[in-house]
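Going down the list, the protein sequences come from chains A and B. Numbered per our numbering, the first sequence spans residues 14 to 262. Numbered per our numbering, the second sequence spans residues 675 to 1479.
Hints listed in this document are in silico derivations from the structure and should not be mistaken for laboratory results. There could be a bad hint or two in this list.
Stated by the list, open to error - Under the rule of at most 25 angstroms between Cα atoms (straight-line distance), these lysine to any residue pairs were calculated in the SDA-like manner: (1) B:K1063 / A:F28; (2) B:K1063 / A:S91; (3) A:K100 / B:R984; (4) A:K100 / B:W1012; (5) B:K1063 / A:K177; (6) B:K972 / A:H217; (7) A:K177 / B:R686; (8) A:K133 / B:R686; (9) B:K972 / A:Q235; (10) B:K972 / A:S161; (11) B:K972 / A:S73; (12) A:K100 / B:E973; (13) A:K100 / B:D680; (14) B:K1063 / B:M969; (15) A:K177 / B:D680; (16) A:K133 / B:M969; (17) A:K92 / B:S676; (18) B:K690 / A:S91; (19) B:K682 / A:H151.
Unchecked claim - Calculated from the model, a selection of chain A residues having no Cβ within reach of chain B, i.e. all distances over 12 angstroms: (20) V27; (21) S62; (22) G77; (23) S87; (24) N110; (25) T116; (26) R128; (27) N194; (28) D218; (29) C242.
To be verified - Under 10 angstroms between C-beta atoms, here's a sample of chain B residues computed to sit facing chain A: (30) S676; (31) L679; (32) D680; (33) K682; (34) K690; (35) K972; (36) S1036; (37) F1069; (38) L1073; (39) E1189.
Note that CB positions come from ideal geometry on N, CA and C, so glycine has one too.
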Amino acid sequence: MTRQLIKMDAIKKVFVSDDMETHALSNIHLTIQQGEYVSITGPSGCGKSTLLSVMGLLDSSSAGQYFLSSLLASELDSKQRSQIRNKEIGFIFQSFNLISDMTVRENVELPLTYRTDLTKQQRIGMVDEALQSVGMQHRVNHFPAQLSGGQQQRVAIARAIAGKPSLLLADEPTGNLDSKNAAEVMALLDNLHANGATICIVTHDPRSAQRAHRIVQMMDGQIVSDISCDSRPLQTLSTGFARDQVSVV
Amino acid sequence: MSLLLDIKYSLRILLKTPGFTALTIAVMTIGLGVSIFMLSIVNSIVFRPLEFNDGERLMFINRLVDNRVQQTILHDYQKIKTESQSYELVVAFGSETAVLSDGVKSIRYQGIFAGSGFFEYTGVAPLLGRVLIDSDQVAGNPRVVVIGYDLWQNYFGGDEAIIGKTVQINRQQVEVVGVMPKEFFFPFNNQLWLPFGKDANNYLLKDSPLIRLLAKTKPGVSIAAADLELKTIFANSPDLRINPQQNISARVDLYKRETRRGAINILYLMLSAGLFVLVLSCINVGNLLLARANMRSKEIAIRVALGAPRARLITQMLWESLFICGIGGLLAILFAGWGLDLTTQFFVDRSTEGFPFSAAISLKAEDVVNAIVIILLTALVTGFIPAWKASGGNFNAVLKDAAKTSMGKTAGLISKILVVIEIGLSCTLMIVAGIISILIYQVVTEGYGIDIENFLTARVNPPAAIYPQGPAQTGYYDRVLMEVSKIPGVEKATLMSHVPTEFLPPGSFQPEGQEFPDFVFPQAHLVQVYPNTFEALAIPLLEGRVLDQRDNLNSPKVVVISDLFAEKLWPGESAIGKRIRRISNTQSAPDEWMTVVGVVPQLLQGSVFGPEQSPTIYVPFSQMPRDAMAIVLKTRSDPNHYQKPLADVLHKIDPNLPMYRFAALTAQAESNRMLLEFVKRIFLLFAVCALVMAVTGIYGVMANHIEQRTQELGIRRALGSPDSSIVLLFTRQSGIQLITGFIVGIPLAYFMSGNFINTIGAENQFYLLAYLLVPCIIIVAVMLATLIPLQRVLRMEPALAVRYE
């Protein structure tokens, strides 16, 4: 029995500037079950990143209803949204977005420091576990500038999964990587999914998109197709995916 | 633990940019340093309670006659002591010359004649022996004295067996009963305390002696309540009215505040100026932190995406300003302490009569606590706006690289407003500093009315018991004048009650035939002179004649007045032949009429600052004798070389009569203007700080602003824009900020300097110089701060500028 993680009903997003309105999202209906691996694709400017931002509570919708784990997003205040982003969502960005003045360990630990329910020892354990799962435990004291792009993205993935979130959101995670590193990162995501992670990835790269089990195609702010390309049943986990070891390919 | 991570991260950021860190710490050190310094001075001089038990309850009472502050009289003391319920202690004291002599050497001190309860008021126990007790006040009991530590050490060589010994004070045998501790200087730099011994019942009201009144309020009684009660007592006491037509009242206030009232306005203005510098520092650092926060917008956006609550983000960013302000504040406290030591030395070096304040100017624990509060507030002020702005930005756009590090519209506006405030405040401070400098320059160069070089002055005060007014006193002074004139190198010698530059309170005078509403009569300084004074001081005669030998006790009363007084009383007319008389607040009947026989130029008498210089009138010593007189010698060379010969001559005339207040007239002038000189130096320091901060602050903002627009400038140049139009673009923006800053700063300077001018001196057209020069200096500084970073970008090839990140 799968649990519904995301439910979007008639979501709209309008950007208003001085003299014009831009409809970035129009009438989006989307449901994502726990454990799904979904890719969102489409041409530049079609609204896929905006959809991901709304999904990740980085942005709010202009209209419609968005439920995340049965919580109505529009009823959440700023503090609650921060808490959900911190505990339930892991972000992976195209440009890695590591903090250059922090070491690998500090970067991965950063979201955990915003939680009050963890002791220092627990944080260390979670950071070690996450870094080990992406194969970066040997570079803990390095700064981002001392790492390759692929390594930086692995650290970013470790940061995203360290807090054992319910949902991983990746925005063009291979956009800044060469093909070898891109393949490694995608394999890492595959493994995370294989271990139960719910992943939603935005990409314009068809090869990356096709690794997902469901492909949502967007155009002009609307979903134009939603295809399940894997006949396998969605995995169901009763426990957090990160509790299982994820091996690096 | 997360807190430690934030601290560690903030420190790392600061260490990563040592130039930025050093600059911001230096700016905060200056701002905090001057404000802590000024606050400590104001605290030391005005607010800090006397360092005695219950110092916050120690009050001073003044009499008000027609709303003007006057000294209290003995009958006031009796009335207040009998009728007031607000005080647990009311103490009278007076100050008189006390000549201490052991038969060989005589030294003149300012003795305090202390009434019952004087030592109880301070609560300070003697080092040796006892303080004065009530039985000492009873006439006929043995005469006693309590001496100060310095006197005990210097005059008696620290004699451990001093208690019970007899000394001569004012030629009377007095027993030493106590020695006060080293730090006891009350009410001023006094070293001798004698019993007051006066009873109001022995005096008619019109002869009631002038006294000073201290009071200690009962616990829980507010100053306002005590003041109201006092006013009620005076309102219901017609028996205290010497002149029935006058309104009398009284006021009570903290001892320190009441005795420093004259300096309070100046000190407040200086404190305001110090706070201006602190505001400038805050603006500077705040602006730099804002620019930096903007550059870190991406990092902040990442933190937000990872779930950092806004409060946590703000706290994390505040750590940075806390470190900057904390380190700057620590340095500022050290510099302020050093500055206070220098200030003390400044006054000690210049004052001819000892340190001018009753309490040391120093950094106390209380000042350090104040400093810490200021530092924390400053950290909050400088850090909060950048943190709030940075944590509330469009982080989603930043994460998508759309906004990168360019300054947002609001942040840009805040930055521009801060620059305008910087220009305005710098302009204000510099104009006020300029006006004070002009004022001091005028006082130094033309303020005294005569050339005061090569004059030596000293005072003698022959006691009335030995030299009663009349032939004995005149004989003494005539002999002094004759003998000192013979000292080799002395070109001229004379005697006068108060030398030019010396302070004396003005009195009231009524011109014949003129009435004044509410009995507010014209004020003038009264100076008794020997006939040759005008010649000795080279005071030119403008009209009539000077005083001479024909003006004696039996001849008609005559007076020479200054042109300032003549113009004030009889504008457009000759003053010669007109009559004036003195109005005394302590006598029921006015003095005799005196006829004006001559007019001379106005000399600066006493304080070099005040709303208006009071005119002077000169009366013959023979017609209005007084005990203490000043000897004035015009010397051929350095007047300080004549101190010993003068002392020798006076000792020969009367070995028991010491001279005091030795000083060259120039030194006395310097002592008189030391407070103003101090104010000038402080304001010049503030002005320099303000200019440096304005320039560095504006430079920082402009450099950051121009760097962020490097790519845009590259595009403009690539599209064919000439450099001149780019320069015009930025200078126009700076020009708008300059004009807006001046619109704020110049009126503020006018208001602030207006207060200053009212306190210190009269309006003067030369002040316009400051209003013209200061904006010019700021314009040049701001334009340089704009053009230097702009030139750096314009030297870059357009192709490089276009790709600049």
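Outcome of the hint check:
1. B:K1063 / A:F28: The hint holds at about 21 angstroms.
2. B:K1063 / A:S91: Between K1063 (chain B) and S91 (chain A) the Cα gap is close to 16 angstroms, so the pair holds against 25 angstroms.
3. A:K100 / B:R984: holds, 16 angstroms
4. A:K100 / B:W1012: Violated, at about 54 angstroms.
5. B:K1063 / A:K177: Given pair K1063 (chain B), K177 (chain A) is violated - Cα atoms ~31 angstroms apart, limit 25 angstroms.
6. B:K972 / A:H217: holds, 24 angstroms
7. A:K177 / B:R686: violated, 29 angstroms
8. A:K133 / B:R686: The hint holds at about 21 angstroms.
9. B:K972 / A:Q235: violated, 29 angstroms
10. B:K972 / A:S161: holds, 20 angstroms
11. B:K972 / A:S73: holds, 20 angstroms
12. A:K100 / B:E973: Holds, because 19 angstroms separates the two Cα atoms, which is no more than 25 angstroms.
13. A:K100 / B:D680: holds, 20 angstroms
14. B:K1063 / B:M969: Answer holds: K1063 (chain B) to M969 (chain B) is near 12 angstroms, not above 25 angstroms.
15. A:K177 / B:D680: Given that 25 angstroms is the threshold and the Cα spacing comes to 23 angstroms, the pair holds.
16. A:K133 / B:M969: Status violated; Cα separation ~31 angstroms.
17. A:K92 / B:S676: holds, 18 angstroms
18. B:K690 / A:S91: Violated, at roughly 32 angstroms.
19. B:K682 / A:H151: The hint holds at about 22 angstroms.
20. V27: Per Cβ check, V27 (chain A) is outside 12 angstroms of chain B; nearest 15 angstroms; holds.
21. S62: violated, 6 angstroms
22. G77: holds, 18 angstroms
23. S87: holds, 17 angstroms
24. N110: violated, 5 angstroms
25. T116: violated, 10 angstroms
26. R128: At roughly 8 angstroms from the nearest Cβ of chain B, R128 (chain A) sits no farther out than 12 angstroms, so the non-interface label is violated.
27. N194: Per Cβ check, N194 (chain A) is outside 12 angstroms of chain B; nearest 20 angstroms; holds.
28. D218: About 18 angstroms separates D218 (chain A) from the closest Cβ of chain B, which puts it past 12 angstroms; holds.
29. C242: holds, 28 angstroms
30. S676: For S676 (chain B), the interface hint holds, since the closest Cβ of chain A sits about 4 angstroms away, which is under 10 angstroms.
31. L679: holds, 5 angstroms
32. D680: holds, 8 angstroms
33. K682: holds, 9 angstroms
34. K690: Status holds, d = 6 angstroms.
35. K972: Given a least distance of 7 angstroms, the restraint on K972 (chain B) holds.
36. S1036: Violated. Min distance 43 angstroms.
37. F1069: Holds, because the Cβ-Cβ distance from F1069 (chain B) to chain A comes to roughly 7 angstroms (cut-off 10 angstroms).
38. L1073: Hint holds; L1073 (chain B) Cβ to chain A Cβ min 6 angstroms, cut 10 angstroms.
39. E1189: This hint is violated: E1189 (chain B) lies away from chain A, its Cβ roughly 74 angstroms from the closest one there, beyond 10 angstroms.
When held up to the earlier numbered hints, the structure conflicts with 4, 5, 7, 9, 16, 18, 21, 24, 25, 26, 36, 39 and fits the remainder.
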